[in-house]
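S.K.: Residue strings, one per chain:
2 protein chains.
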Amino acid sequence: MSSRRVGGRSAIVRSSVFAAASELVMAKGPLAVTMPEIAQRAGVAATSLYRRWGDVSSLLLDMAVDRLTRKWPLPDEGSIKADLTCWARRIVAGVNTADEPTFLRTLLAAWSVPPERQMEALAPRIEQIEAMLERSRVRGEKAPPLEEVIDHLLAPLYMRALLGLNVDDVLAERLTTRLLAIDGAGA
Amino acid sequence: MSSRRVGGRSAIVRSSVFAAASELVMAKGPLAVTMPEIAQRAGVAATSLYRRWGDVSSLLLDMAVDRLTRKWPLPDEGSIKADLTCWARRIVAGVNTADEPTFLRTLLAAWSVPPERQMEALAPRIEQIEAMLERSRVRGEKAPPLEEVIDHLLAPLYMRALLGLNVDDVLAERLTTRLLAIDGAGA
Numbered sequence: 001m002s003s004r005r006v007g008g009r010s011a012i013v014r015s016s017v018f019a020a021a022s023e024l025v026m027a028k029g030p031l032a033v034t035m036p037e038i039a040q041r042a043g044v045a046a047t048s049l050y051r052r053w054g055d056v057s058s059l060l061l062d063m064a065v066d067r068l069t070r071k072w073p074l075p076d077e078g079s080i081k082a083d084l085t086c087w088a089r090r091i092v093a094g095v096n097t098a099d100e101p102t103f104l105r106t107l108l109a110a111w112s113v114p115p116e117r118q119m120e121a122l123a124p125r126i127e128q129i130e131a132m133l134e135r136s137r138v139r140g141e142k143a144p145p146l147e148e149v150i151d152h153l154l155a156p157l158y159m160r161a162l163l164g165l166n167v168d169d170v171l172a173e174r175l176t177t178r179l180l181a182i183d184g185a186g187a
Numbered sequence: 188m189s190s191r192r193v194g195g196r197s198a199i200v201r202s203s204v205f206a207a208a209s210e211l212v213m214a215k216g217p218l219a220v221t222m223p224e225i226a227q228r229a230g231v232a233a234t235s236l237y238r239r240w241g242d243v244s245s246l247l248l249d250m251a252v253d254r255l256t257r258k259w260p261l262p263d264e265g266s267i268k269a270d271l272t273c274w275a276r277r278i279v280a281g282v283n284t285a286d287e288p289t290f291l292r293t294l295l296a297a298w299s300v301p302p303e304r305q306m307e308a309l310a311p312r313i314e315q316i317e318a319m320l321e322r323s324r325v326r327g328e329k330a331p332p333l334e335e336v337i338d339h340l341l342a343p344l345y346m347r348a349l350l351g352l353n354v355d356d357v358l359a360e361r362l363t364t365r366l367l368a369i370d371g372a373g374a
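Protein sequence lines, in the order shown, are assigned to chains U and Y.
Okay, so the first sequence: first residue is 1 according to the working numbering, each after it adds one.
Okay, so the second sequence: first residue is 188 according to the working numbering, each after it adds one.
It should be emphasised that the hints constitute simulated quantities derived from the structure, not laboratory data.
Nothing here was measured: the structure is a model prediction, and the numbers come from that model.
Just so it is clear, CB atoms sit at the ideal spot from N, CA and C, and this is done for glycine as well.
Some hints could be false.
If you want the ones that stay clear, here's a sample from chain Y, every Cβ over 10 Å from chain U, calculated [as the list claims (entries may be wrong)]:
id : residue
1  : 232
2  : 256
3  : 266
4  : 281
5  : 282
6  : 314
7  : 327
8  : 339
9  : 342
10 : 351
Which stretches of chain U does chain Y cover? Using the computed rule of at least three CB atoms under 8 Å from a CB of chain Y, they are [to be verified]:
id : region
11 : 76-85
12 : 99-113
13 : 143-151
14 : 164-176
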């Protein structure tokens, strides 16, 4: 829903609402944040937030994805191997910071929205990933399909982070190498 | 915490509390269930639930893992390949039922408990998995380590389920084959 309204005043409001939501999530944890609090902190009417997002989960989901796409953009390093390795290392760095795991928990907590809202919220990130894979195909490389990137790179990194298991650059390297070895991608 | 109290009256109470929590989660979704409601439905005092679990997330987490370990036990098919294939197919069957995804969402929603509580709650399931891998090693097979099972089997299956992507027996078979191909496990 939000993507139809970017630009001008609407974009400024959206950005201040996300900033307020982000600060509140950091201060109180994702489960304790309410719509009226976000509205107050952002200096907007709660009714307009309800109109635009329906509920706080939907807003928090958009906020978390917006943060991901802007703060953690996808690399453009000139080869699919370099791109995937760099991206995996950024995820490793992210899950090992003090703040980012809070936004990962926010994504999970907000995942109670309906499936179509989940996909709509994730769409900007999926677009970034598809663009990275497409750049590789244009260069004539054999890039893995999106689903294999999810299965063999994102899923293990994030599942380990959730379970509190070790997530480091050695793992990032190993997962990337294995992903590219499947069906000879990266060649 | 619960594992120290199994047996006798305590086990009966625990089982009726989980049954009540499970019914409420199915009826209302995990985010809407409260401790007093569970207590009332199970016919116990809410104070005893607070004393034993602290908060509703902690209780729901134990309930979801208890359901997993009892309703979806791990296979014992005589070889690691047969065990992993059978287990992957059971996960596929589970995520494609009407009810089980609600319990997956419950696990995520309840994941806001402290990390040490998360690990304590998961321990019974980890024990089942370790026992399956150990049976394989005792037979002289080269079973994959637990972390590789998480990375290459559980993570992709559950991440796909969360994202609403296709989860079927073909995928189960492919993931199992690839997991066993790593370092020549399963030989």
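S.K.: Evaluate each hint against the coordinates.
M.R.: Status of the hints after comparison with the structure:
no. : hint    : in the structure
1   : 232     : holds, 25 Å
2   : 256     : holds, 17 Å
3   : 266     : holds, 24 Å
4   : 281     : holds, 17 Å
5   : 282     : holds, 13 Å
6   : 314     : holds, 15 Å
7   : 327     : holds, 26 Å
8   : 339     : violated, 7 Å
9   : 342     : violated, 4 Å
10  : 351     : violated, 5 Å
11  : 76-85   : violated (count 0)
12  : 99-113  : holds (count 5)
13  : 143-151 : holds (count 3)
14  : 164-176 : holds (count 3)
Checked against the numbered hints listed earlier, the structure breaks hints 8, 9, 10, 11; every other hint is satisfied.
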